[in-house]
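Asker: Chain by chain, the residues:
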Amino acid sequence: MATEVYRESFERRTKTVRYLRFLEGLADTQVGPIYLGMWGALAFFSYLLCVFITAIGFGEQVGYNPIRFLRELPVLTLYPPPPSAGLRMAPLQEGGYWQLATLFLSLTLVFWTIRIWTRAVANGLRPMVPIAFSAALFLYAAIYIIHPIWVNSWNEAPPHGLRGILLWTNHFSVKYGNFYYNPFHMVSIFGLLGSTLILAMHGATILATLAYGAHREIDEIEKSDEGTHRAQLLWRWVMGFNATAYSIHQWALGFATLTAVAGAIGVLLSGPVEPDWFQWACRADIVSGLQKACVP
Amino acid sequence: MSIENNPAPPGAVAVYDERQRTILRGELAGLVAMTVLALGGVIALSMALADWRGFQGWRADSTYNYAGVQQINFVEYLNRQKQAIAQPSVEALQAYNVWQQKNPQTVNVQVLTQYLGPQYNTTAKVFEYMSKYFTPGVGQSCEYCHNLENFAAYDKPQKTVAKAMLIMQFELQTKWIDSIPRPEGQPLYQLQCATCHYGKAQFWNTDQKNVPTIENLAMFGIAGGGNPTQYDMKHYGITLNGKPPASYEIVDDKLLAARPDAKGEVNYFQVTATKDTPPGLNDTYRNQAAMYHMNTALAVGCDFCHYGGYFKSYVLQDGTFKWPKSQARHMLGMVQDIAINWFPQMPKADPTRGDLAQPNCWMCHRGHVVPPGAYTPGEGEVPQKVSDPQIKPLVDLPVPAPKLPPQ
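Quick mapping for you: the protein sequence lines, in order, are chains H and A. Our numbering runs 3 ahead of the 1-based position in the first sequence. Our numbering runs 61 ahead of the 1-based position in the second sequence.
The shape of chain H in the complex, shown without the other chains:
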């Protein structure tokens, strides 16, 4: 059913391609080959350890009862050590599980980044994907490692668990006087909304030009009056300018990394540099009409 010419081209690239027919209506059916390698193996095992430690920690809380485990999964939590423990290793039940799980989670992410990097290089690509991923890694490190070390307490890091991470998000904001007034949080949200907007515009544009063969990339970029040209004309009509088929991806990457990097800076400055973002906003005079709530 798939066209012979394209299948042939895939098959010439690799012998291990598989086609999953049941996926045909939903996405491309090509699966594999996957590359494991040393970094992949390290990432896999260190993630396995992280999951294993978390599972033990959760299991203890429900007496290793699988029914209770499933039912209470949303509230099961591994907490970091108490404030009194500072940055020391804590006993397993009092934050030690959290410390171990976080250690292996962090290692996993580092290994995974290296794995993408080495695979990108092996593929003859510029390492843009690992660079983009390390923006997320930076945010992770800021929240779980750098900020806690800076304020000298693991207790400020998020617990592991579905509800735990949500509570932490709320409580971190509450303690530091409302994150909405944190300028870096503002920038981060700008990046977040911007990148979803750009992604939606891009995705919709490419899908919209299907009739002009947008999926036949080479042909349609080369021929005038085809999909890309019409897409770009659409955006010039609508908003006066357009991104090119190349620059749209720069926009997307830029906005998406901005989200994580600005967020990380916002977290890092909370506490040691600015303990109360609402008061910062008062000083910066951007709470117009709200000054009554400022501490004189």
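Derived contacts from chain H toward chain A, CB cut-off under 7 Å, selection only: (1) 158; (2) 159; (3) 180; (4) 281; (5) 296.
Footprint (simulated), chain A over chain H, 3 or more residues, beta carbon under 8 Å: (6) 81-94; (7) 165-177; (8) 208-217; (9) 266-280.
Honestly, the hints are just simulated from the structure, not real lab data. Even glycine gets a Cβ: it sits at the ideal position worked out from N, Cα and C.
Assemble chain A onto chain H, guided by the hints.
Answerer: Below, chain A alone, put in the same frame as chain H:
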């Protein structure tokens, strides 16, 4: 890549295009299906969670709405609980009539006269108070406390308890309720037996609390979704008498230890950081547990008390003072006072029962902004402060200065 530049065999491109359209249709269908599934999943999950956490539905009973407060009274509250209002039994009334004939003047009334005035020197006036507040409030007929042969005697432990309760009630009224920060024109409610008891003699006890079943938790107003589990409390460092309590309900070691600082400010649950705030989020977890309790107890949202943009503030963005926050802070002082000074020294009527459980906001408020069990304004006589209460507070707790709007 040379492969792509080879001309495709005739017909192949058309087949390929058709295939891409199939994929697109599949993707659109998938998108719709995912949206429906996600929405359905969220709804189903929240319903399941609400059920499983023992959601009792009393929020729906709340008469508070954001347009204004519709207050229900004690009788309406009992109706909604499908609880009958207690009446004195026929024998008790007969016995009382006999007693009243013999003793038109009271024999051994101490508390009512001391706090409310000499009009309680007549038996008829005391009877009025008993049948209006004691019997319905505690849900028991006269013989629960009285020897029907002799109403003046203290031969039933229940009467001794009731006397101590009456003193506590008047002391709390004069120390805390009378001085609650109030905007101009807000009526003054009063405590009565029903404000805590709601028509039940036994309703609030460590025996029940230490068995944290859903029913028992709901009874203490603490089965809502925002409450920490015992495991959570262990990690938040929440303890009561050094141990994690069976369930979280406001009173913990930190609340009991809170005292005014040099400026007369008490920190019960403050967490917003300053330069000197020690690291750690445990206090914030504790703060939020307390706040959820208040939400549940009064059946309100956070913005009933707070300016949501800045929880530390006592004013809204337009400068409007948030009276409820300052009232709630005052109430925290009262709860601390009850826990330290009053409940520990209340006598026991029933030696088989455990100690009184810790007080909390739910105990009186029961999902209403003003406790339905409180006197409606102007209903009863206002008690006077007395210099020598028969039961004195165990510890001389200072009353923190109320937060009032800046002039």
